[in-house]
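Q: Listed below, chain by chain, are the residues.
Number of protein chains: 2
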Amino acid sequence: MSQRQPAETGVRRFREPVNIEGPLGIIAGGGQIPCIVADSVTARGLPVHIFGIRGEASETIERFPNTWVKWGELGKLFSNCEKIGCRDLVIIGGVSRPDFANVKFDFGAIKNLPFIFSLSKGGDDHVLSNIVRFFESKGFRVHGAGDMAPELLVGEGNLTKMRPTADDLADIEIGLNVVRELGRLDVGQAAVVAKGYTLAVEAAEGTDAMLERCAELRKSGRARGRTGVLVKAPKPGQEERIDMPTIGPATVWKAAAAGLAGIAVAADRVLMAERAATIDAADQNEIFLLGRNWDKLSET
Amino acid sequence: MSQRQPAETGVRRFREPVNIEGPLGIIAGGGQIPCIVADSVTARGLPVHIFGIRGEASETIERFPNTWVKWGELGKLFSNCEKIGCRDLVIIGGVSRPDFANVKFDFGAIKNLPFIFSLSKGGDDHVLSNIVRFFESKGFRVHGAGDMAPELLVGEGNLTKMRPTADDLADIEIGLNVVRELGRLDVGQAAVVAKGYTLAVEAAEGTDAMLERCAELRKSGRARGRTGVLVKAPKPGQEERIDMPTIGPATVWKAAAAGLAGIAVAADRVLMAERAATIDAADQNEIFLLGRNWDKLSET
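Note that the protein sequences, when read in sequence, are chains A and L.
The first sequence finishes on residue 300 if you use my numbering, and the numbering steps up by one all the way, no holes.
The second sequence finishes on residue 1300 if you use my numbering, and the numbering steps up by one all the way, no holes.
Hints are computed from structural coordinates only; laboratory data are not their basis.
The reader is advised that the hints may include incorrect statements.
Below, computed lysine-lysine pairings styled on DSS-like, alpha-carbon distance capped at 25 Å [unchecked claim]:
1. K1195/L <-> K219/A
2. K104/A <-> K1219/L
3. K1070/L <-> K1083/L
4. K1104/L <-> K254/A
5. K1219/L <-> K1195/L
6. K219/A <-> K254/A
7. K1138/L <-> K219/A
8. K195/A <-> K1195/L
9. K1076/L <-> K1138/L
10. K1076/L <-> K219/A
11. K1138/L <-> K1161/L
12. K1195/L <-> K104/A
13. K70/A <-> K1254/L
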């Protein structure tokens, strides 16, 4: 395999954001991504209203017009949306599965109990599809964060000073294959492959915990030298609108700590909210960051 | 799904052990399994000779006729086999991948360098197939531990007081499907599924580390109650002769600590070297242990 590189490096044409009328409602789980999406959308002159899930969302959402809602307060969510004329939603940020035994339901939630029970069983993809279908059945349009803020997506091409070697490219192909098959089984979105050997596969623990495990494996001598690639891609048929895979500076630092040579993600299908900081972290750690055409790959 | 159970519980017909002439050579990695196989074979009146891999095998192998060999001492291994008239091998027990940069090779090894280089790259299955082919090319017959000591295999049926519920049986089917697909990709041999949700998938870290991760996930609230099943099965097309999946009391204790309801393994394809202790541990922890017909399943 030759060490061919994408012709344009670090350069991409962004696709156009989806246009909507009225404020965008952002249902916010944990992390900074809800605010980063809100910043991007407001920068285009579109108003937002953040619905912070109590116990999950960061307090920084209070920079924007906001309402805190608890699990089970669907009625409050609907009445607020009606009041502000919000018919478009982005649902983003990490959430734990609620412990329904301890959730108090308001009237809006009780009316929708079959939906709520549908959240307690099955793989992520199954649960997320139910969430999207539920909001659509209430007349909302549910958008992906990447549709509203396409500049947050990792594009195709190499973003860093470091580039993958032929060995890395071979590991990337294996990793994409593993992630695709896992995705079909609704298991996970990421894997680590080093010298043709699948070191780790992501399920419920998430990418960060998987990378920490790889660092441990390396310490215990099951992998040596700076080799291996973190591959991240959406599940095929995944409800990408509300569970798009994400990378950020922490992903890069953990990949570097695990001794990996780089990170390859499905181009246009993975969010990199903190773009500059993420690329900086990769350059500092001398690892590569590659957006790999995934749609073409999926066709084969 | 009904809660049907196998008609015969904890009862199985063992298949006949393979008959060989002359001593059985056991190339021993870590753990007690090499000695347990040796005990079983010698109980049938067949002599054994254990080749303990230095730094991997337990000193308890010295109960049997033995020779210690280092990585790279293939010449010593071959000359010893010739001396004692050993043409049949079982290769068993955990090994770390050798760091070839620090291995001193004897003449027998140097003559076989292409084989040695084949061990430094690719998934387990690839490496293990090369090992079997190599010994066969030298005129050895390589047997599975289950061929020489079939009573160490988990048979079909329920082995414990506890039995799987309908929910558990559904999780088992999902788990077997995940493990089969992972196996096709030469990734791992085990997964944990709870309420239809794949909590964890095994790759290089091994089953014990995967179960410890599930215990952590449970603590952090991503899984509740005593639910979920550890499913273990060989990779399809795996070189089962030298990498048969294994369970033991430690597996049971770790599964219990992870809050799982039980363990299901591919019947006749998984070793349970410490049979009584493993079943006792399951009964003590009130979890089930099920041998699930895997050949029939693989046909579908």
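Q: Would you mind marking each hint as holding or not holding in the structure?
A: We went through each hint and held it up to the structure:
| no. | hint | result |
| --- | --- | --- |
| 1 | K1195/L <-> K219/A | violated, 34 Å |
| 2 | K104/A <-> K1219/L | holds, 23 Å |
| 3 | K1070/L <-> K1083/L | holds, 19 Å |
| 4 | K1104/L <-> K254/A | violated, 35 Å |
| 5 | K1219/L <-> K1195/L | holds, 17 Å |
| 6 | K219/A <-> K254/A | holds, 14 Å |
| 7 | K1138/L <-> K219/A | violated, 35 Å |
| 8 | K195/A <-> K1195/L | violated, 35 Å |
| 9 | K1076/L <-> K1138/L | holds, 14 Å |
| 10 | K1076/L <-> K219/A | violated, 31 Å |
| 11 | K1138/L <-> K1161/L | violated, 47 Å |
| 12 | K1195/L <-> K104/A | holds, 23 Å |
| 13 | K70/A <-> K1254/L | violated, 35 Å |
The structure fails hints 1, 4, 7, 8, 10, 11 and 13 (numbered hints given earlier, in ascending order).
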